[in-house]
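**Q** Protein chains in written order, with this note's numbering: chain H, 1 to 241; chain V, 1001 to 1205; chain X, 2001 to 2394.
Hints are not guaranteed to be accurate.
Said to hold, decoys possible - Quick look at which bits of chain V chain X covers, simulated, 3 or more residues with Cβ under 8 Å:
1. 1009 to 1022
2. 1037 to 1043
3. 1114 to 1122
4. 1129 to 1142
Bear in mind the hints are in silico, worked out from the structure with no lab data behind them. Even for Gly, the Cβ is constructed at its ideal location relative to N, Cα and C.
What follows is the residue order along each chain.
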Amino acid sequence: MADDTGDEQSDDQAGDEAREALAAELSELLGDAVVESHVEAGQNLWLRIDIEQWHAAMAALRDAGFAYFGFLSAIDWTDAPEGRYEDTEFDAAGVGEDDDASSATAEETVRRGGGETRFQLLAQLHSPARHAAVLIKADVPPADGAPASVPSIIDVFAGADWHEREAHEMFGLVFDGHPNLEHIYLPTEFEGHPLRKDFPLLARAVKPWPGVVDIEEIPPELEAQLEAEVMAEFEASGAGA
Amino acid sequence: MALVDKVKLPKPLSWLLNFGRARSLWVYQWGLACCAIEMGAAFGSPRYDVMRLGVIPFPASPRQADLVVISGTVTDKMAPVIRRLYEQMPEPKYVISMGSCANCGGPYWDSYSVTKGVDQVIPVDVYVPGCPPRPEALLEGIVLLQERIQREDMQERWRGEPIVVPTSAASSTRVPAAPGASGTAPTSAPATGTASAVPAGSAQA
Amino acid sequence: MSPPPTASALREQQAYVAAQAADARVNVELDTGDMTLNIGPQHPATHGTLRIACQLDGEQVISAEPLMGYMHRGYEKLCEVRTYPQCTTLINRIDWLGSFANEVPFILAAEQLMGVEAPPRAQWIRTILFELSRIANVSLFLGDMGVQVGALTPVFFAFRDRERVLNQIEEVTGGRFHPNFDRIGGLKDDIPRGWIAETHAVMAKMRGFCDEMEDLLMGNEIFQTRCRSVGVIPGDVALSYGLSGANLRASGVDWDLRRDANPGLAWDQVDWRVWTHPDGDSFARYWVRLQETREATKIVDQLLDGIPSGPIMAKVPRIIKVPAGEAYVSTENPLGEMGYYVVSKGGLGPFRVKIRTPSFSNISVVPWVMRGTYVPDIITILGSLYFILGDIDR
């Protein structure tokens, strides 16, 4: 299987060069709309776009052959106040001191393509002709305590309609020019934006995660009693023999 | 019907009527999620052949059904619809809750949009555990329900449940059918091999 | 086999347009007002709990708006509070007919972030199980499409033959439906003894099933009349709505992630082809899926003969911690492109998971394609787009 890994590595290298070339080409195409680009070896290409030019950039990408609309969503980069509800021994065992340090320093390196706002738009486009894909991000700046509104791209990609409704429901982002920005999944009376990190999971808050232990621990006094019973049985059988 | 309602039937006759009722259950298939496919396999596949038990899985409307199988995740958005269609079913009516999601929320026990058990909305006669239960497990649930129907007091059952108009915020309209009278445990416990995915079991080593 | 001629499809399309124009004239004369037809949320034809609110003018659909969320279970939020191994249990249940295929892109994304690569044997067995779940998934469609247009028999055949594939999946993974068999760095177990020969036999049976469907359903005149030139989606519309999988290929777009963006599974090791159809109607979608099922059996056959030896797990720590970073991996699932965008901040579980599900995008074309069709065609189009509710609502 040494050949296989060799091939894959060469594929990665080739993919790298192709992605670097694509990044350069798209940066040239989009001009100053591209804030930053990032290529991860053999994985993906990220472009971070100025939010003011979001609409124009998407239209330009579509005209450049990236006509297949993958998805549109967002990321909330704040840390949840409750964390991951890590309250069991298993979770505690997994979180060491070194992790805390690394996660603190990781904040700058974790974001592919950079950015510093709380909310980031995330979209993916494919080019079926070139067999290439590009992930596109845009910082959503805050405005009056809420995320600023974002230009809608449903006139560029018709399929973005539902994706924008979903992002609106889940993150509370407002898309300018969207004709029907209503609830898509949740009942109309639902309040809050579930995928925001400050949206708590009430069931978790009420009831701790049972963790990985799926059998109940036997209380010590009951264990002593059980052991005594077993021993008595054993002695009785031994006395019988 | 009026006769059943007023007169205490002789035992052989009520046995016969119960026997007939238990073996001609018209079941309304309420497929919600993954379990719906296993329910479809149990009802539609020649391998499991539910009709040999006298269960007829054809009614296209709850108004013609004796039994409804709630199979799958019940969400808060779906719950009112379930309630509404259940109320359209004629008495006497029975409910099988199929799968962990319908029983208690299952793997989605902490979700913001999932109802933690269909029994918060409608009364349930038989719970079939599993995620999803195998078709055999559903068949066993049906057999348990048939045993229960067989032992029912016709007079009591035929009167149906009193319709209580809630005066306050309390929305519970139905007193739980006394399981003691039937003598059968309302929960089935099929010993088939599908891994149950109640939250505790969903972690892997 | 080459795609069927499109001249007849074109003719029927023209006849269809003429009939629509005639119908519109009748509607104007009779002054048929608007009527709202509500389909669902519980309807046998909607594969679950999709609700569609249609505005009708007589027998014609003016607008159709899918209303979703009756099965929204909040996967993306729940993944944020679970560890990586726990996530695979959950995401199994998104597309419940092809469960194993759901796990693969997520595991691949986590592996990409960790810099782990599963050994070749694990990759091959993954690919085999992936294709088996494709067969289990799509074979149900092949039968179910008959039900949508009024033929009950095929679905019984589908349930019967699908059981054989499920048996093979169960024999390896222990689960008929939700295997939860994929691990970061490999697989939980190796395949059991005698499984390869059995699977060969099952694949031969499934090819027989495809032939049977071809004879029974696809050659049927009523089926053809109900499906041909109904719900035509041109290629560029399909692309802009993000349609994927067989829906896209039935619109003539030659795009298959297994071939074009293989994330490291064994598809490039075997000889197979991507099927496309130029028509873009319901019949083309059925035709493409049938060919793909047959192709999948051939892929499985070839893979079974060439499984490399070696370990099935790479060296990974017992407690999985994924380094900080972002990764997006998508694969060609039975329903189309399924991708996971995993953001890690270096903990036990993902920081954010965006799940790109194929059905969500596939169904977003419904308002476009339903406009101007007739009421009976609603079900045909819905059936031929082939969605799974868990995959739409997540």
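**Q** Taking the hints in turn, state whether each one holds.
**A** Hints, one by one, checked against the model:
no.: 1; hint: 1009 to 1022; verdict: violated (count 0)
no.: 2; hint: 1037 to 1043; verdict: holds (count 4)
no.: 3; hint: 1114 to 1122; verdict: violated (count 1)
no.: 4; hint: 1129 to 1142; verdict: holds (count 3)
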